[in-house]
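Those protein sequences? They're chains R and C, same order as listed.
Residue numbers for the first sequence follow the working numbering, beginning at 1 and rising by one.
Residue numbers for the second sequence follow the working numbering, beginning at 240 and rising by one.
Misleading hints may appear alongside valid ones.
Claimed, not checked - From the structure, some residues in chain R lie toward chain C, with a derived Cβ separation under 10 Å:
(1) 51
(2) 225
(3) 229
Claimed, not checked - Just a sample of chain R residues kept apart from chain C, beta carbon distances all over 12 Å, derived:
(4) 41
(5) 47
(6) 61
(7) 71
(8) 115
(9) 141
(10) 142
(11) 163
(12) 168
(13) 172
(14) 199
(15) 217
(16) 233
Keep in mind that the hints were calculated from the coordinates and are not lab data.
All C-beta atoms in this analysis are idealised placements derived from N, C-alpha and C, irrespective of residue type, glycine included.
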Amino acid sequence: MRVLAFDTATARTAVALMDLEAGDNARPRAVLDLALVDDPAPGTRPGHARLLLELVHRLLERSGGGWDAVDRIAAGIGPGSFTGLRIGLATAKALSASSGVPLVGVSTLQALAVPAHGRGKATLAVIDARRGEAFVAGWTAVQDPLTDVPALAPQVLAPEQLAAAAAALGAACSVIGDGAVRFRDVFVRGGAQIPADESPLHRVSAREHCRIAGLQPAAPSTSIEPAYLRAADAEATRA
Amino acid sequence: MTGLILAIETSCDDTCAAVITGAGEIRSNVISSQQVHDRFGGVVPEIASRHHLALLSPVLDEALRAAGATLDQVELVAATRGPGLVTALVVGFSAGKGLAAARELPFAAVDHLHGHLAASFLRPAEFEPPFLALIASGGHTLLADVRDHGPQLRLLGQTLDDAAGEAFDKGARLLGLGYPGGAALERLAAGGDPRAFAFPAAERMPGLDFSFAGLKTALLYKVRELGEPEAERRRADLAASYQRAIVAALLIRVRRALKQTGARRLAVGGGVAANGPLRAALAELGVELEVPPPALCTDNAAMIASAARYSKALRFPAYLGLDVYATGAQRL
Ligand SMILES: [Zn+2]
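My request is simple: use the sequences and hints to build the entire structure.
Put into structure tokens, the structure is as follows:
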């Protein structure tokens, strides 16, 4: 199965095109191509609107197969930047409607957790939610983020709740994501383990979206919604 | 062009999609208005943007269904690029680019104001340039010298503060009517005396620019001065006098612009064009007048499709890297 995946929940624009083996593990047979445009400087607007379709086009062109060879589109549903999510999902739904390729929504937290998991430890994926908060989801040591519903469901937490969330998942829980870097001190005090700031484990790659999507049935694209995890009213009353 | 043009417009709070023919005949024009902003007394960008994403696929499906068309018949995709709310614009613009990209169709990035002007070009009116255009809505108030069909905007004047529709809405709120309150204010005004109070129409401000902030303040002071029971008793008079001032402010500048340009023809657009007293006053100007039906005056995608006919359509993949713009008229 060939999956085209992208994620625009964080400041990075990530796109991947992958051929998967059949079977329970959705192991990559070939990573056809991977495009990661690194995060823009703080205070600059992410380039999702400009970059996303350019990268998709570049990958499809290099693969040689075009849309006819793609079996599934996978789009990151967040949580993350609201505008980033909408650019990704508006693009994904349009591409799916226009090409006829089925669409799958993939949790960005789940995609972050997959490569960090698997050393017998619990994993907490954390995305910076701005305004001093974090989006989190967690998997225990016996779970597999590739397929399992997270023991700690995706939610938004205040800094003082973060250490407890990691500890509840298991001792020496491994914490990853830009939120892990942002709130490193809080987690370290709680006994969690965090890879070095520059570790690729903290950054979203669309590679895992391909695998996760390969194991899920395609849904009607109208059922795919962003995981905002925060009410829009909050944005309104904040002003 | 023999095929169809599919257009998307999401610059503010209406989610719009339309299908027109290459000759400018409307096949469908779907507008999904969001009524969720009432309790906030204005458009909340985050709420509007969430609704755009949720509504866009069904609105697009409906536009194709109502047109009796499929994507196979679409030869050109268009979407509003700006000006407007960036978070709202990117939803429709991303979708438009995506629809076009997967089929390698050409794509037209349309300026929203060009769209309002191009509403008049659609059939059956086919109001052809040259003409003077007055666009008055909750988002913009401007006078333009329309000499051809193209996207080059020849702006003669615009509002320096509030838009005319905004003035209606703010006045309505001061008088205890809901949001948006333009239509409610007009209804209330129908039973009042437009000469009961003398509100300013910025008559002494020279040139063709508009200003409505002073008018809103004048109403606020008048309501305070009258006191609550008296202001309540004279609400209809207040509404009628306030409306008269807005209409007068628009009329004064339309007259000046007609004189300045020598134009004998006038097209009106924007939601305020639905206002009865304004239409009546414009009809008495003695020029050839075009007021498109309400669905083409308020924000809609048929006008974006119309503008696309006269915009530079980019071939695939030249448009993939385009982004939206919030203000001004950035050209390709
Ligand atoms: Zn408008």
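Right, here's what the structure says about each hint:
1. 51: holds, 7 Å
2. 225: holds, 7 Å
3. 229: violated, 13 Å
4. 41: holds, 17 Å
5. 47: For residue 47 (chain R), whose nearest Cβ neighbour in chain C is about 8 Å away, the distance does not exceed 12 Å, so it is violated.
6. 61: Since the minimum Cβ distance to chain C is about 9 Å, residue 61 (chain R) lies within 12 Å and the statement is violated.
7. 71: holds, 15 Å
8. 115: holds, 28 Å
9. 141: holds, 37 Å
10. 142: holds, 36 Å
11. 163: The assertion about residue 163 (chain R) holds, with a minimum of 30 Å to chain C.
12. 168: The claim holds: residue 168 (chain R) sits with its nearest Cβ about 31 Å from chain C, beyond 12 Å.
13. 172: holds, 38 Å
14. 199: Label holds. Min Cβ-Cβ 30 Å, cutoff 12 Å.
15. 217: The claim holds: residue 217 (chain R) sits with its nearest Cβ about 19 Å from chain C, beyond 12 Å.
16. 233: violated, 8 Å
The earlier numbered hints that this structure contradicts are 3, 5, 6 and 16.
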